[in-house]
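Participant: Respectively, the protein sequence lines represent chains C and W.
Once you know that position 183 of the first sequence is 182 in numbering that gives the first Met the number 0, the rest is easy, because the numbers rise by one and skip nothing.
Once you know that position 229 of the second sequence is 228 in numbering that gives the first Met the number 0, the rest is easy, because the numbers rise by one and skip nothing.
Certain hints may be false.
[Stated by the list, open to error] Quick list of simulated restraints, FRET-style, between CB atoms:
1. W:Lys132 / C:Asp208: 51 to 57 Å
2. W:Gln182 / C:Gly116: 38 to 44 Å
3. W:Met187 / C:Lys234: 55 to 61 Å
4. W:Val186 / C:Asn265: 32 to 38 Å
5. W:Gly190 / C:Ile251: 51 to 57 Å
Please keep in mind that the hints were generated in silico from the structure rather than gathered at the bench.
Glycine included, each C-beta is placed from N, C-alpha and C at the ideal position.
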Amino acid sequence: MSEYKAIRVAYGEALAELGAENEKVIALDADLSHATMTCTFAEKFPDRFFNAGIAEQNMISMSAGLSTMGYIPFASTFAIFGAGRAYEQVRNSVAYPHFNVKLAMTHAGVTLGEDGGSHQAIEDIALMRVVPGMTVIVPCDANETRKAVKAAAQIDGPVYLRLARLPSLIFDNDMPFEVGKANVMKEGSDIVIFTCGIMVETALEAAKDLEVKGVHMAVVNIHTIKPLDQAAVLKYSQSCKRILTLEEHSVIGGLGDAVADALIGNGDFKFKKLGVQDRFGQSGKPDAILKEYGLTKEAVINEVQKMIN
Amino acid sequence: MNISQIEAKCKALRLDIINMIADAASGHPGGSLSIVEMLACIYYYKMNIDPKSPNLESRDRFVLSKGHAAPAYYAVLGDLGFFEKSEFKAFRQLGSILQGHPDAKKAPGVDASTGSLGQGVSIAVGMAIGAKKKNPNVNVYTILGDGELQEGQVWEAMMAASHYKLDNLTVLIDHNGLQIDGQNEEVMSLGDLREKFTAFGLECIEVDGNNVSQIIEALDVKTTKPKCIIGNTTKGKGVSFMENVANWHGKAPTQAERELAQRELEGMVNV
């Protein structure tokens with residue numbers, strides 16, 4: 000029986016768990032604690048929770064100040080505001096001095112759904128990836144989220160955690176998690192798909208169907224976009240020669256470009272980036288949006304068949 | 000340090016500022032000169048610090064929110080011995096610990112990287128929240144420019160300072176009335192600052208920001224609220240040809256201008 004849990008819910012639980020283990024951990028939110036689920040932490044540790052109100056820029060810079068006092072702040076809001084609106088605070092208050100602040104931003108990507116394009120961050124990976132010294136992690140399920148939260152607290156410096164809104168499939172908890180080390184979800188020799196976040200499930204479903212058709216697709220979960228697991232990217236690219244990337248993010252600046260950067264000068268490949276094709280999101284049921292933007296099992300299979308033939 | 004000692008110190012700091020900017024042929028003299036008294040009173044009179052242990056947890060914190068006034072900041076930190084004064088020569092040069100705007104990763108004694116206006120005061124608010132939890136004896140000071148008050152983030156920070164009852168926070172405003180494009184009142188008028196800060200829940204005190212005894216008195220005022228000291232200052236203070244001239248916001252003096260400023264600051268010429 001498959002189990003589902005929203006990554007943001009897992010984040011709230013993991014943060015509360017971490018709070019019990021480490022009293023330096025504090026949380027900040029910008030009036031969205033019941034959506035980002037930092038409320039789970041706030042209920043347990045009211046003295047270590049700070050609401051900044053609807054003032055994301057101040058929240059990020061305050062987090063920077065709190066980190067200088069020896070705390071490990073986890074600042075949360077929607078990705079569009081945390082990585083977008085407060086981008087320059089992230090860059091200058093937090094990352095430029097390499098302060099120990101964790102940016103755990105939820106409702107990332109188009110599956111935020113009905114609220115529409117204004118709220119759907121499709122460029123946050125690009126924005127965070129380009130900042131020197133920033134670690135960028137996109138967990139694929141509840142278990143990986145819990146491990147990523149714990150791992151982020153062990154890193155001395157800024158970390159961006161990109162967290163999804165909707166319930167998503169929980170994979171095997173035995174799966175290892177090491178920052179910067181990709182997880183191979185399925186072996187394959189005809190084509191490789193590098194993916195992350197909630198798209199891992201989509202890629203695996205496509206791979207399963209393709210297997211029936213006699214196409215062996217490797218599925219590699221790149222949970223850490225930065226630093227990228229170059230060795231895994233090179234290994235699977237060179238053995239498969241055909242490469243797909245799949246992300247719930249713009250094809251500009253995200254996982255696809257990170258993989259492309261790693262491949263430049265390292266061989267001849269057929270390479271295609273699947274993701275949001277340089278357009279904004281829009282309102283709709285998440286499933287309908289995913290279909291509209293080509294982020295489905297069918298879209299992956301279709302692309303694979305084009306590349307194989 | 001007493002009042003006359005601080006006043007003497009201010010003169011020496013001004014010379015360092017002029018020389019630093021002239022050597023670099025780049026920098027911001029106007030707003031560096033205007034904050035000298037406030038900065039000196041904070042560091043030489045008020046703050047609990049040990050330059051030999053710049054990371055001591057129990058130290059007071061300072062954030063130069065108007066980071067472009069870095070030469071004034073470096074002059075004080077160098078004088079106190081956080082680093083060698085010989086570093087002044089490398090201000091704004093490749094590889095220097097003295098970056099164009101304060102860099103916490105590079106310069107000892109600098110607690111936050113600033114320069115992007117409006118952010119420093121928020122960082123100071125975060126420090127003050129942390130200090131209240133960890134060590135109630137730690138005080139946090141920050142200096143903002145008046146033009147900087149046009150950044151909305153400043154008011155987000157003031158709201159938070161009041162909300163979290165940060166009686167350990169002192170916000171000082173360098174109110175010299177000028178910014179790059181001209182007078183505040185022409186560029187974007189600030190209105191009644193005293194009323195604004197009071198409305199945001201701060202204890203507001205207005206002083207002559209270039210008058211050491213007035214600043215000290217204001218710093219010593221006890222209050223249960225976060226404190227705001229509006230220092231009415233003269234941009235370019237101490238160098239007659241720079242005073243109240245917006246154009247000296249971000250321009251380095253030539254060699255001739257440096258010498259003129261030096262002679263004036265050393266009291267060799269009357270103006």
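Participant: Has the hinted range 32 to 38 Å been met by the Cβ atoms of W:Val186 and C:Asn265?
Facilitator: violated, 53 Å
Participant: Okay, W:Lys132 versus C:Asp208 on CB: inside 51 to 57 Å?
Facilitator: Once the Cβ atoms are compared, 54 Å apart, the range 51 to 57 Å for C:Asp208 and W:Lys132 holds.
Participant: Within 38 to 44 Å or not, the Cβ separation of W:Gln182 and C:Gly116?
Facilitator: holds, 41 Å
Participant: Does the Cβ distance between W:Met187 and C:Lys234 fall inside 55 to 61 Å?
Facilitator: holds, 57 Å
Participant: Given the hint of 51 to 57 Å, is the C-beta distance from W:Gly190 to C:Ile251 inside that range or not?
Facilitator: This hint is violated: roughly 43 Å between Cβ atoms.
Taken one by one, the earlier hints fail for this structure at numbers 4 and 5, listed in ascending order.
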